[in-house]
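Now for the letters of each chain:
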Amino acid sequence: MERQLIQLKVNGEERDVVVSPNETLVEVLRDRLELTGTKMGCGEGACGTCTVLLDGKPVRSCLTLAVEVQGQEIVTIEGLAEGAELHPVQEAFMEHGAIQCGFCSPGMILTGKALLDENPHPTEEGVRRAISGVVCRCTGYAKIVEAIMAAADAL
Amino acid sequence: MAEGELVGQRVVRIDSRAKATGEARYTADLTLPRMLHAKVLRSPHAHARILNIDTSKAERLPGVKAVVTGKDAAGVKWGVFRYTRDQELLPAEKVRYVGEDVAAVAALDEETALEALSLIDVEYDVLPAVFDPLEAMQEGAPQIHDHVENNVNIHVPIEVGDVDRAFQEAYLVREDRFSDTEYTYCQTEPYAVLVNYDSNGNLEIWTPNASPHTKAKALSNLLKMPLAKVKVRKISTGGAFGGRSDIFPGEFIAALLAIKAGRPVKMVYTREESFTSVRQAHSMVVDLKTGVTEDGRFLANEMKVVLDGGAYSSTGPIAVSVPFLVWEETYRLHNVRFNGYRVFTNKPVRGMYRCHGRSFMGGLGMQLDMIAEELSIDPAEIRLRNALRTGETQVTGSRIISCGLTEAIEKATETSGWKEKRGKLPYSRGIGMGASGMMVGFPMGIRGGSAALLKFNEDGGCTLISGVVDNGQGNESMVVQIAADVLGMKMEDINLVSSDSEITPLDQGAYSQASTFVSGNAARGAAVDAREQILNIASDMLDATPGELDLKDGQVFVKHRPEWNVWLGKVIRKALLDNTPVVGRGSYMPKVDLRREWVSNPKGQHAGTFSFGAVVAEVEVDTETGQVRVTNVTGAHDCGFAINPMAVEGQLEGSVASGGVGASLLEEHSWDGGQMLNATMLEYKVPLSVDMPQITPIIVETVDPEGPFGAKEAGLAGSMNMFQAVGNAIYDALGVWIKEFPITPDKVLQALEEKDPES
Amino acid sequence: MRLPSFEHLEPRSLEEALGFLAKHKEQAKIIAGGTELLVCMKHGLLAPAYLVNLKAVRELDFVSEDDGGLRIGALTRLSTLSETPAVRERFPVVAQAAEMVAAPPLQAMGTVAGNLCLNTRCFYYNQSSFWRQARGACYKTGGDRCHVVKGGKRCLATYQGDIAPALIALGATLRMVSNGSEREIPLAELYTGKGRRPLALEPDEIVAEVRVPAPFDGMAGDYQKLRLRGSMDFPLAGAAAVLSRNGSGVCSRARVALTAVGTGPLVVEEATQLLEGQQVTEDLVAQAAEAAYEAARPASNVGSDASYRRKMVRVLTRRAILNAWRKE
Ligand SMILES: Cc1cc2nc3c(=O)[nH]c(=O)nc-3n(C[C@H](O)[C@H](O)[C@H](O)COP(=O)(O)OP(=O)(O)OC[C@H]3O[C@@H](n4cnc5c(N)ncnc54)[C@H](O)[C@@H]3O)c2cc1C
Ligand code: FES
Ligand code: FES
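Residue numbers (the working numbering), protein chains in the order written: chain Y, 1 to 155; chain A, 1 to 759; chain H, 1 to 328.
It should be emphasised that the hints constitute simulated quantities derived from the structure, not laboratory data.
Predicted, not measured: the structure shown is a model, and the values here were computed from it.
We treat Cβ as the ideally placed atom computed from N, Cα and C, and that holds for glycine.
Any given hint might turn out to be false.
To be verified - Within a straight-line C-alpha distance of at most 25 Å, the following computed PhoX-like cross-link-like pairs (lysine-lysine) qualify:
1) Lys289/A x Lys57/A
2) Lys25/H x Lys57/Y
3) Lys25/H x Lys55/H
4) Lys25/H x Lys9/Y
5) Lys552/A x Lys455/A
6) Lys455/A x Lys490/A
What the hints assert, rightly or not - Computed spacing ranges between beta-carbons, pair by pair:
7) Ser670/A x Lys9/Y: 50 to 60 Å
8) Asp31/Y x Arg332/A: 33 to 43 Å
9) Ser181/H x Gln694/A: 56 to 66 Å
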């Protein structure tokens, strides 16, 4: 198995990394690029904690090969704020108490952001559907839905 | 009294910014120089003697730095109680469940560690195994621990009053059996541990945990190291729900490897390992016999519960007792007999869970509704008649110093439109209620209290050092909010150092619903103490008595002449020069009867105070598929006083998910013998956003005389209430009782078919 | 959980992809969205030496209208499929099914061909290597027994794809290509029902596109899925019905297909016979649903109770037929 040098565009930066083809994006982000904000709750596509944005769409980085996303825009939770200025979805999550243990938060926030980029005025049902692929064990989702709806109003 | 300006506000939690930006670090995120990666070889057998382990090939694999087996563990056993020391965290002779730890490897990377595992040869002598607790109790069942006959791990018998006579006198007696299957925490963060061991013999541990001090103590015992050398560090924790308090094999094994290799060792479990090899929740079989008077008051109560404890004791004595405790904490009981058995089986180890005992709690609530129906009493009314009130004493002797149970029931019924709906909704829609009381803290001996220090800096800012632990509940934020309120400061001006077993004082941990009540009280004490010191020093400077002074926004001022003031930083400097530096000190020990013991002496005050709650849930059933949807939940909770109402609501909403939808309707493990069939996030059904009802949280405030600003807890009663409410709502919708949790669609359908075979 | 090692091949054209497959045959495996394949690989169920990644084969990523029918490129994402106006408007049942697959992010990753080519699933198969090693190989992993039905003579792993039934009911065909040859088969014929080799797909073959014939007059369809949660879950049973109603209110064409209740999607022929040429009445629909119930053979290997799932086939089928009938 040959290791190869690839370029990844993560949070607006071009990064060179040497990877094996069998490395998933979540592994490369966390282990090689030290972007540990992306979590890995299951590694099997079933929890959504590994969500990152790929060309603006939320995807499972545990089921994505690092070698297959060269040239695409990857955004992780670390790339959302502009300096000290948080993204409105991040702000709303804080303000509305949508974060408890925080382990689902990166995936939730990115999913919320992608939804609002696509549909700035979603219905509550639309929000629930959009985040239905991300598991939160703490909040019962109520405040997460509330936060995303509030961010939509703020945006 | 709650007069503060800050407590009671919906404040943004101090931990949320780091969590919103991905900056918060969880164990698996950490790396240390020269760090190794470890993996564990696990037993494929439910019950087997280990005859031989050959690790020589693994040791020779390039990149492997240490291999450990039971031989390295020196046979020490662990148990939470002195009388439950039955678990070798890395067994040498026998494995007792599929997934139990057998050997471990630390290597340069995880792939090498995994390869090394495949090179370890283990010879087993497979033994007959038993998986059902009732079978395990039978004569002739395989014996899992040599010293334990009939596999009865713990038996808690409690009897008060003349139960048999009271049953004879009862107007109505009902007997029902309720049961459930195993379920689990499924915290979103999988188990992980990082251990660093240095040449001075310091052992540092990072692992998601609810109690660094508990983990440190266990490791100090097991590794025979002084407590001061075992340092469980603070780390963000991705949920606990009761499942991260006890010591686990992972910490112990990683420590053995780190010591052996002389290098830091990180071990991250797969989701499957997190399911099988850490902790699960108990399944139970509950026999409930209840005798009431004609007007529905409890006269005689009898409960027998059998808990499937899995292979080891863990927090066994507590787990068996909780069904009794929650019962006596909710209702006025007079003559009561309880027999709780925790039984060993060849299954993974069970611990305490936020949704502990859906069968007993759901059962209690459902049987009460059955009784209410037979007596033509409204379910809300029968609860009110039996509900404990402030000033009453529970049947084994705990006095209740504040109780909002009645108010919670009333508010939940009022807000939910109970009167208009109960019994009046169209077929397939129903409404039900549940109520419970909950201990705020367990008696935990020296570990039951908390202490805090508050140290002022010369710029007027301060550091709060508290043992408080936060697994997501908002506890860190809570202690800062309390201290800031007392000191008239902004929350951001108080820096918190917490949950580090080396630095922070002993604390019970985020466990047994005690953080706000105990740790919050300690933090408040430290702040009050510091405030007094500050006012004393300032009184010289302002020429006023301390009583005439107040402290706010970094100024000490004379209350009636606010223009007479001095900057706090100046006061601190003066204190330093006077050799009286400002260090506030606070501590709290709940007023419990320390003679109370789970098994040998279950009487006396067992918690400092109790919280209460009631929930009304509405369901909609698809009568053709049996699928139940919880559509609306109104939850009223007496949390004493809501320091941060947003956090209280969050706890309640979380309880509705894990208790009301998850534990009530969806979650269970399926098995083939000792092998778990659904150890994946896909097949273990944690509720999703689209499965959740609309939730209306109602905060009931009773202002507890002991609690900080009157606060108690908010974590548990919600789920306990949901099991009952959902079970009862299904009855209201369909006219069938389903007595086995979770109430999955196949059970609903079967119940409907039994009721009406024509359908 | 780590992936076993492999060489990653990135063809830019179908031709190049076919070349790789022709060269490496059994040693190669196609990856599209990867949402199923990579999980299987992490579990050690497959360890291909080469992964032929179709992502850059743009010519497979299209949806177009053709003679009133539909051509769906193999690489079309499920989310694209359900958002495409031609699909939504003219073949809504396909969009309906695609929207029920897993959860939205997985729909944005998963492809149509990947979905159709899903491996069959079983609680004793979709497990880690450690898990499986505790009980020895079953038929599906090359062993000589079934863990689900002790003493069972064949593999009972369940096909749980969501969109196959709808496409089968619409009469879809597949264009399959390999180096130098090409064939078109009815979608239903892709499924062999065999544990080891559930798909009639040669190692060097690629599903290039799905062809859906033009809608019949007065046609409508519906898909009903049973799952425990409102998202993420594979079907525990699923039924698709596509019905056409002629000018005089008679059912002129009826197709009913099931998923997750057998080793492959099942076509309920009897439903066709019962319904076609008839006025659709509740009673007739009940008979068709009964026929579906009779045809279904769920095994206790994908969650929930098998007999319950079988009963649900009756309910789902009835609902699907009635909904389809009422939609027109
Ligand atoms: C948590 C989770 C939940 C899921 N729930 C559902 C669900 O509810 N319903 C459902 O139907 N699916 C579900 N899936 C499975 C899967 O996500 C979808 O079926 C998806 O559409 C598969 O497409 P893919 O492109 O990702 O397939 P891949 O994983 O890329 O491939 C799947 C298989 O198809 C083969 N293949 C792919 N493309 C071609 C081609 N053009 N020619 C020949 N062979 C090909 C591959 O070799 C592989 O064997 C779920 C998956 C996960 C992880
Ligand atoms: S880690 Fe990727 S979905 Fe769970
Ligand atoms: S906040 Fe803990 S999992 Fe969502």
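Evaluated hints:
no.	hint	in the structure
1	Lys289/A x Lys57/A	59 Å, violated
2	Lys25/H x Lys57/Y	34 Å, violated
3	Lys25/H x Lys55/H	19 Å, holds
4	Lys25/H x Lys9/Y	34 Å, violated
5	Lys552/A x Lys455/A	17 Å, holds
6	Lys455/A x Lys490/A	16 Å, holds
7	Ser670/A x Lys9/Y: 50 to 60 Å	44 Å, violated
8	Asp31/Y x Arg332/A: 33 to 43 Å	58 Å, violated
9	Ser181/H x Gln694/A: 56 to 66 Å	58 Å, holds
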